[in-house]
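Under the working numbering, the residue at position 6 of the sequence shown is numbered 57, and the numbers go up by one with no gaps.
The calculated lysine to aspartate or glutamate pairs, modelled on EDC-like cross-linking and capped at a C-alpha distance of 20 angstroms, are:
| # | residue 1 | residue 2 |
| --- | --- | --- |
| 1 | Lys-140 | Asp-193 |
| 2 | Lys-140 | Glu-105 |
| 3 | Lys-140 | Glu-196 |
| 4 | Lys-251 | Glu-79 |
| 5 | Lys-140 | Glu-222 |
Everything labelled a hint here was simulated from the structure, so no lab data went into it.
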Amino acid sequence: MSCLHVRLDSHPLDDPHYRSRCSEVLAETGVLVLEGFFTSEAVAQVVAASAHREDEAYYAASTHNVYLTPPDPGLPGSHPFNRQVASSKGLLADDQIPAGSPLREVYGDGSFRSFLCSVLSTEAIHPYDDDLSSINLHFAADGRELGWHFDNSSFAVTMLLQAPVAGGHFEYVPAVRDADAGDMGFDRVADVLDGTVEVKRLAFSPGDLVVFRG
Numbered sequence: 052m053s054c055l056h057v058r059l060d061s062h063p064l065d066d067p068h069y070r071s072r073c074s075e076v077l078a079e080t081g082v083l084v085l086e087g088f089f090t091s092e093a094v095a096q097v098v099a100a101s102a103h104r105e106d107e108a109y110y111a112a113s114t115h116n117v118y119l120t121p122p123d124p125g126l127p128g129s130h131p132f133n134r135q136v137a138s139s140k141g142l143l144a145d146d147q148i149p150a151g152s153p154l155r156e157v158y159g160d161g162s163f164r165s166f167l168c169s170v171l172s173t174e175a176i177h178p179y180d181d182d183l184s185s186i187n188l189h190f191a192a193d194g195r196e197l198g199w200h201f202d203n204s205s206f207a208v209t210m211l212l213q214a215p216v217a218g219g220h221f222e223y224v225p226a227v228r229d230a231d232a233g234d235m236g237f238d239r240v241a242d243v244l245d246g247t248v249e250v251k252r253l254a255f256s257p258g259d260l261v262v263f264r265g
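Model the full assembly from the supplied sequences, consistent with the hints where possible.
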């Protein structure tokens, strides 16, 4: 990989041993934080191109269950399928990300995709079929939050551009369900919603790359 926006001295993405270590961490914890993945220049470029565009973002507020599926009237209201949480967010969609953005260059880099395939133990990774969803840039102003949820995809890749002034904690609970085995983790989800299970907070800084299981 020869991408100028990635600190390859610290993150040799083509190195088999480095890939193996990253894969082990992700398998054990469900999340991988690559500290200082992007150069400070790349972060500054993305911030400069987007911070002033907050009024162009699409904003939405909604309630949903943690599975992002419709309620099931055949189940009690206390069932995790029918318990609602709130989310509110604002984002710039893929068609609003400039062609020369470091985000787009890294997203389209074949070596980066190969690295992710290796770490995730998957044969291939493809762009979203939805043209607006491949690269999203989120704004999280005071009072906005993402409620508890499982992602629709099996994994997600994200980075922090600016540290929050306050709040903005990324909270997660590992090993709640095993969707591949058909285990939806209803009891564990109920514990999370009831606040009776330990919640982890992920520490990361601007320029870090985060890969986590959905």
